[in-house]
Amino acid sequence: MPRTQLLALPQRQNVRHGRKHTKGRLRGKSHLHACATQRHKYGSSTEGRVHTHACSARRPFKLPARRGGAYVIASTGNPERHGDSLRAQGAHEVVTGPGELKEPVHGVLDLVGGQQLIDAYGMLAERGTLVAVGHAAHEGETFPYGALFGDNGRHDRTIATFSLPACADLAPDLTWLAHRVAAGELDPQISWRGGWEKAADAIGALLERRLHGKAVLDIV
Numbered sequence: 041m042p043r044t045q046l047l048a049l050p051q052r053q054n055v056r057h058g059r060k061h062t063k064g065r066l067r068g069k070s071h072l073h074a075c076a077t078q079r080h081k082y083g084s085s086t087e088g089r090v091h092t093h094a095c096s097a098r099r100p101f102k103l104p105a106r107r108g109g110a111y112v113i114a115s116t117g118n119p120e121r122h123g124d125s126l127r128a129q130g131a132h133e134v135v136t137g138p139g140e141l142k143e144p145v146h147g148v149l150d151l152v153g154g155q156q157l158i159d160a161y162g163m164l165a166e167r168g169t170l171v172a173v174g175h176a177a178h179e180g181e182t183f184p185y186g187a188l189f190g191d192n193g194r195h196d197r198t199i200a201t202f203s204l205p206a207c208a209d210l211a212p213d214l215t216w217l218a219h220r221v222a223a224g225e226l227d228p229q230i231s232w233r234g235g236w237e238k239a240a241d242a243i244g245a246l247l248e249r250r251l252h253g254k255a256v257l258d259i260v
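Residues are numbered in my numbering as their position in the sequence shown, beginning at 1, plus a constant of 40.
Hint data in this document are derived by calculation from the structure and do not stem from the laboratory.
Restraint-style ranges between C-beta atoms, simulated for each label pair: (1) P205 to T136: 24 to 34 Å; (2) I230 to D124: 12 to 22 Å; (3) T182 to E237: 40 to 50 Å; (4) F189 to G244: 39 to 49 Å; (5) Y111 to I259: 31 to 41 Å; (6) S203 to A177: 11 to 21 Å; (7) D124 to T198: 28 to 38 Å.
Note that CB positions come from ideal geometry on N, CA and C, so glycine has one too.
Using the sequences provided together with the hints, build the complete structure.
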């Protein structure tokens, strides 16, 4: 993360927990802003139904979305294992994929790509926005004929790409998120912690999906 995107933490915040928190929470809030930016072009708001593809690195944005007035639907491949924690983070519903959505949604934060992105785009309501945040599937997207039609309530649906380093003026997001952690309203969800010399262990656990949460490296 560029130094220009770093701020001092609130005095009450546990600095040791705040180190990793800042980037993870910032991404979540900024994802919502990316979705909101597209909708504001047409006089809409962030309120509505938001569908998210859940994974340990992106769970934090659900509570900010809910606080903003959205009805949050989280998607995970294992609802039995992760359902309770996703609801605790702000999800109203937990599903296994876009195919379980019962009605169109106004926004999608997609972390998977591939077929899930295609299916999720098909569930967008008129003027809805899908933000392509991650590409965990490592698959391309080939839309079938008719998927990009604009009739029958599908007018003006958009797909927006997202890159955190390209975001401008992140200070308000950082400040809001840091204060929420300081107040105990948001949990950084740190599940691994160690010194810089153990960085390889942390990276291996993340890549092999043995770590459900965030890894923190202490740099002294």
